[in-house]
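J.: Sequence order for the protein chains is A and B. Per the working numbering, the very first residue in the first sequence carries number 14; after that it's consecutive. Per the working numbering, the very first residue in the second sequence carries number 14; after that it's consecutive.
By construction, these hints were calculated from the structure, which means they are not laboratory data. Keep in mind that a hint or two might mislead.
For identical chains, the list gives no copy identity; a pair is met inside one copy or between any two copies.
[To be verified] Keeping only pairs whose Cα atoms sit at most 25 Å apart, straight-line, the calculated SDA-like set for lysine to any residue is:
| hint | residue 1 | residue 2 |
| --- | --- | --- |
| 1 | K265 | R296 |
| 2 | K113 | R57 |
| 3 | K126 | A58 |
| 4 | K126 | S350 |
2 protein chains.
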Amino acid sequence: MPTPPLKNDRLLRALRCEPVDCTPVWLMRQAGRYLPEYRETRKRAGSFLAMAKTPDLACEVTLQPLARFDLDAAILFSDILTIPDAMGLGLYFVEGEGPKFERPVRNAQDIAKLAVPDMETELRYVMDAVRVIRRELDDRVPLIGFSGSPWTLACYMVEGGGSANFSRIKALALNDPAALHQLLSINTDAVIAYLAAQRAAGAQVLQVFDTWGGALSPSMYREFSLPYLVRIARELERGSGEMRTPLILFGKGNAPYLQELAASGTDALGVDWTIGLGDARRRIGGNLALQGNLDPAMLYGAPDAIRTQVQRALDDYAEGNGGSREGHVFNLGHGLSPDMDPEHVGALVDAVHAHSKR
Amino acid sequence: MPTPPLKNDRLLRALRCEPVDCTPVWLMRQAGRYLPEYRETRKRAGSFLAMAKTPDLACEVTLQPLARFDLDAAILFSDILTIPDAMGLGLYFVEGEGPKFERPVRNAQDIAKLAVPDMETELRYVMDAVRVIRRELDDRVPLIGFSGSPWTLACYMVEGGGSANFSRIKALALNDPAALHQLLSINTDAVIAYLAAQRAAGAQVLQVFDTWGGALSPSMYREFSLPYLVRIARELERGSGEMRTPLILFGKGNAPYLQELAASGTDALGVDWTIGLGDARRRIGGNLALQGNLDPAMLYGAPDAIRTQVQRALDDYAEGNGGSREGHVFNLGHGLSPDMDPEHVGALVDAVHAHSKR
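Whole structure, please, built from the sequences with the hints as guidance.
T.: What follows is the structure in structure tokens.
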């Protein structure tokens with residue numbers, strides 16, 4: 014979908030490594046339980062899933078943080094596990110335990126039954142949410158669509174939920190690697206179709222979350238996560254020039270692989286806080302944007318301390334980028350937590366803009 | 014304490030980077046719940062803490078894995094949190110929730126009250142366990158003593174137990190860094206005294222576990238964890254030549270800091286599975302030993318797959334070490350888990366020796 018002129022196009026310009034008046038900022042999980050208005054909507058919806066599956070409610074919570082903070086993007090409110098849910102695994106939530114699947118996939122037989130869901134029927138609620146949000150956003154800031162990575166989806170699908178040590182999927186990787194590759198291949202097809210459908214529905218930036226790639230050894234990361242991220246970056250059609258929909262590959266623990274990820278052709282890389290931004294920039298060279306990477310726990314500090322941390326991160330980036338702040342999207346290295354103080358979040362957002370004014 | 018000749022001195026020779034007939038192996042948490050005989054002893058003891066605090070029982074479980082597997086070392090059975098417990102924080106365990114403290118330290122006032130415990134009174138049960146184990150081991154293999162790192166102890170002391178995001182200690186780091194440095198300084202004094210006392214009681218190798226250093230950003234790691242590890246390596250008296258008691262600094266997520274850690278003067282570095290052993294060897298140079306680093310989840314694979322993984326890790330090390338297997342101590346990148354199969358552990362241990370025969 015052609016993008017009409019945005020009132021605030023900082024994010025898109027930074028993702029194209031073009032000059033901007035100050036560094037754009039958005040925050041992973043910026044729509045979330047730390048906001049009282051989010052908790053209010055959720056109570057009304059009855060459950061997290063009802064909220065995610067009702068486009069008007071998903072739109073409502075997507076816009077909430079924009080009303081409070083001077084954020085440079087909205088991100089679609091949805092769950093990372095919509096794809097496996099649409100594949101029939103039966104996503105559900107147990108209070109305080111995170112996502113679970115009623116029917117996890119455990120072996121080659123389970124995997125053989127999986128198929129890429131139809132995006133405009135089985136995942137229509139996501140595309141409808143994108144359309145409603147775009148309408149309500151009215152081009153104030155761009156809308157980011159997203160998906161879990163093939164490996165990260167596979168982790169939940171095989172483990173049946175979160176996991177401390179990924180025992181089931183790692184056993185599958187050792188005992189039947191062909192079956193796991195089959196699963197990752199289907200997931201990759203689904204992720205590409207899912208992101209393309211979000212783009213067609215109006216998403217102006219796309220991010221892939223490889224939350225669990227960092228749990229792998231280098232040889233397993235290069236076998237089971239990296240090649241599928243590369244395939245997404247290569248095969249996902251996203252236009253060109255000002256009409257291009259940039260792709261951000263975010264990964265927890267991806268620091269050792271930044272050069273390989275940069276070579277994928279992605280428009281941007283998102284990194285966590287275990288690498289300095291200057292180092293990260295030096296590793297990937299200057300042809301793509303970098304997103305990150307304050308430790309979200311810094312938000313537990315006092316506002317003055319948060320401001321100092323923001324300034325250091327901005328300066329670290331510039332130091333590794335030949336003194337320039339271009340090509341940087343400010344974010345946390347992971348999502349916001351429910352016990353964080355909205356005032357501290359506001360202090361962070363304002364500090365990013367204030368300290369990066371050109 | 015002078016070390017009498019050991020029947021199996023592979024570990025000590027490997028830690029001195031001397032030739033050995035095959036690569037030595039021991040496993041973090043090798044005495045643990047995955048062994049039925051351990052669960053039996055624990056039932057008899059009544060609780061984990063009773064077992065750790067009764068030297069004869071600590072000795073019993075320390076020796077259990079040696080009766081089953083051809084391991085090249087015993088490691089003292091104890092808890093990582095004995096020091097803060099002796100400082101008066103009140104260590105206790107809630108089934109399924111890990112360690113907790115009745116009286117966590119939260120601010121400068123709490124920290125000002127802390128003192129280094131007396132090793133031969135308040136931690137006498139640990140030293141007695143070392144003495145009993147040395148007697149019962151009868152010099153078959155060396156005994157490894159250990160401590161948590163200053164930062165890792167501080168995490169538990171401030172959080173009051175385990176933590177998902179280290180919100181309290183990171184807030185302290187931002188809001189009152191001087192108080193946190195005071196805590197880390199006391200912890201470092203205590204760790205040095207604790208390891209020296211274990212050495213005096215008979216421990217022949219010493220390991221520091223920096224389990225949570227990897228949760229820090231590079232600038233915070235270099236401020237709050239690294240300098241205290243360096244102080245331990247510099248200040249802990251450990252003899253010279255064949256009488257030297259080698260020190261191993263193990264850290265989860267320490268890959269980005271290996272060169273700085275190697276420069277500390279430690280005898281060996283232990284790494285987790287997020288870096289290849291060949292890479293790790295190239296980064297630290299050839300003057301100290303390297304310990305690691307199979308992903309413990311590989312033990313969920315079938316024995317044949319485990320053997321392949323062991324061979325790859327051994328060969329990766331040699332490839333980064335100019336073709337030589339010297340200076341390598343085989344281990345996992347983290348501890349064994351209760352749901353692991355003892356037969357798989359045996360397959361791993363035997364594979365290390367078989368594939369590394371000189």
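J.: All hints are to be evaluated individually against the structure, with a verdict given for each.
T.: Now the hints, each set against the structure:
1. Taking the shortest Cα distances, K265 and R296 sit within 25 Å of each other both inside one copy (17 Å) and across copies (23 Å).
2. Proximity of K113 and R57 under a CA criterion of 25 Å is satisfied intra-copy only: 23 Å inside one chain copy versus 37 Å between copies.
3. Proximity of K126 to A58 under the C-alpha cut-off of 25 Å is found in neither arrangement, the shortest distances being 33 Å within a copy and 49 Å between copies.
4. In the homo-oligomer, the alpha carbons of K126 and S350 never lie at most 25 Å apart, since the shortest distance is 36 Å inside one protomer and 32 Å across protomers.
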